[in-house]
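J.: Counting with the UniProt record's numbering, you get residues 1 to 497 for the letters of the sequence shown.
Derived by calculation from the structure, the hints in this document are not laboratory data. It is possible that part of the hints are untrue.
Dumping the calculated DSSO-like pairs for lysine-lysine here, alpha-carbon to alpha-carbon at most 27 Å [unchecked claim]:
no. : residue 1 : residue 2
1   : 221       : 281
2   : 66        : 76
3   : 294       : 221
4   : 156       : 281
5   : 12        : 76
6   : 12        : 74
7   : 156       : 294
8   : 125       : 74
9   : 281       : 76
10  : 74        : 156
11  : 221       : 66
12  : 221       : 125
13  : 496       : 281
14  : 74        : 221
15  : 453       : 496
16  : 156       : 12
17  : 281       : 12
18  : 453       : 125
19  : 294       : 281
Derived DEER-like restraints, expressed as beta-carbon distance ranges [stated by the list, open to error]:
no. : residue 1 : residue 2 : range
20  : 247       : 289       : 15 to 25 Å
21  : 248       : 309       : 14 to 24 Å
22  : 313       : 258       : 51 to 61 Å
Even for Gly, the Cβ is constructed at its ideal location relative to N, Cα and C.
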Amino acid sequence: MNANENIPYRIKLVTWEAFANGEGGSLEADRPSRLHSPLAHWQRIFPDRQSPNDPHQSTRRQVLLKIQIDPPLKDKQVWLRSFDVDDPSSPHDQYDPNAIIDPKDSANLDLPNDSDEGDNRGTPKTGRFIGAVDTPVVFIDERTVNVLTGEGGIAKIIFEVTMQPGDNFRIAATVDQNQLVSLAPRKRVRDGSIWFVRKDTQGKVTKWVGKVNDDTTRPAKTKASPVLTVWRRLWVEVDSMGSPPAGIQLGEDDLTTVDIPDPPLDALTEAMKDAYVEVFKVGAGYSESDTDWKYVFKAGGQGDDDIVNYCRNRRQSRNLEAIDFWVTQVVGIYEIGLVSLHPEFFSPIEEEDDPNDPAPLDPDKDDRDNDPDVRQNADGTIVAEICMNGLTEIAEPDCSFVSYEQIRDMCMQRRLQDPNTRRQMNIYSIYSGTIAHEIGHQFLGDVHSYDPKPRDLMWAHAPRGGNTDDREEEMLEQRPWLWKPEHIHAIRGIDKP
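From just these sequences and the hints, can you work out the full model?
T.: What follows is the structure, given as structure tokens:
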């Protein structure tokens, strides 16, 4: 008879570990964001490729779960079960006070409640166990296993997460198989993922089980791991035009004569954290800061515009995009001009300048609405700057482009920039926000917010093709760097942009 056979034992700790050889997912402490206040024992995993040619892409979704019992006995049975738990984030003050980082807790949105088990976007929703390390394991189902402890009373098992950002996992470990039957995460409270409860056969809660804390000195029959949350990386190819060629004739209100600044990713980085996505500039060899300069783009058929082809033909990262490697592109161009008569894009031309407008303007052209530059060339063609700061082609291969000169021009004319000091703060803010807005279309499609005041990055200062009031242009500076809850919901459910 084994001397340890009848010795009672308890669970001392349940914790996550990265693979020692670096082959598994990137495991680290979870990162706080504006909406997310993680617990001390909250961790995140990046299951996607770390580089385009990652040699370990097949195991990036995997992480080790370590269980230790007390006393540290060998060959003792431990039962494990995985759960999809709720996210205890703080409210989204801009919207429903009950809406958290994942909007499915919002009473005002027609979405299932995020505190319900099994609402992760990826499959299988509760993740799955792959196999134990060095000790025997019995699979009861893909979310429930029985494993034996090894030396030191320790068992380790490989767990595989999903690929969808914001999916949450927690593993309960118990010395009593019967305890798993009634175990469930506590629901519909902000700290729901911290606690587990026990229910009777009618679904009534009969007992609270436990809370994650630093105390490993008080073993229990049932303990749970820290919450593990999936995060994703979004790589952005950042391209921009070089300087206008020497001697080119520009419109009198086209004042930028230097290299177009690389599109900044600050607004996108800030907003994407709320969707559990980290933003990075794709590495050397893909982004280009000196693409060939072009002043006027020709209008073509839908999806076949000169400007779309310009961006697509310069994309170096188009063959990298995959479900486990998110890549997109943004190009900083001079301005969005269309060669053709498109009166639906134009505002009525005024007869006189606005005497209070500090920008140098032609008295015979429009002095409103981002000052569309309407002029006739010698060959009779009409050149016009439509009232848009950026555009996105959402059909694959998708691309976004943002007009730096139009933003600069608008900032000057709308007094968002001080014409005396020429300070760049507001130009930079609107440039960055417009970039995030356009890349948002790559995830969300042709979605805009037309609230009276800007409340999110998808807010637009006028419907496409419509007239823009100067006061609305001024509000672009107030556009917050965040998504609406339903936008977060959509981003978290997408396979790739």
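J.: Would you pick out the hints that fail for this structure and give their numbers low to high?
T.: 1, 3, 4, 7, 8, 9, 15, 17, 18 and 22
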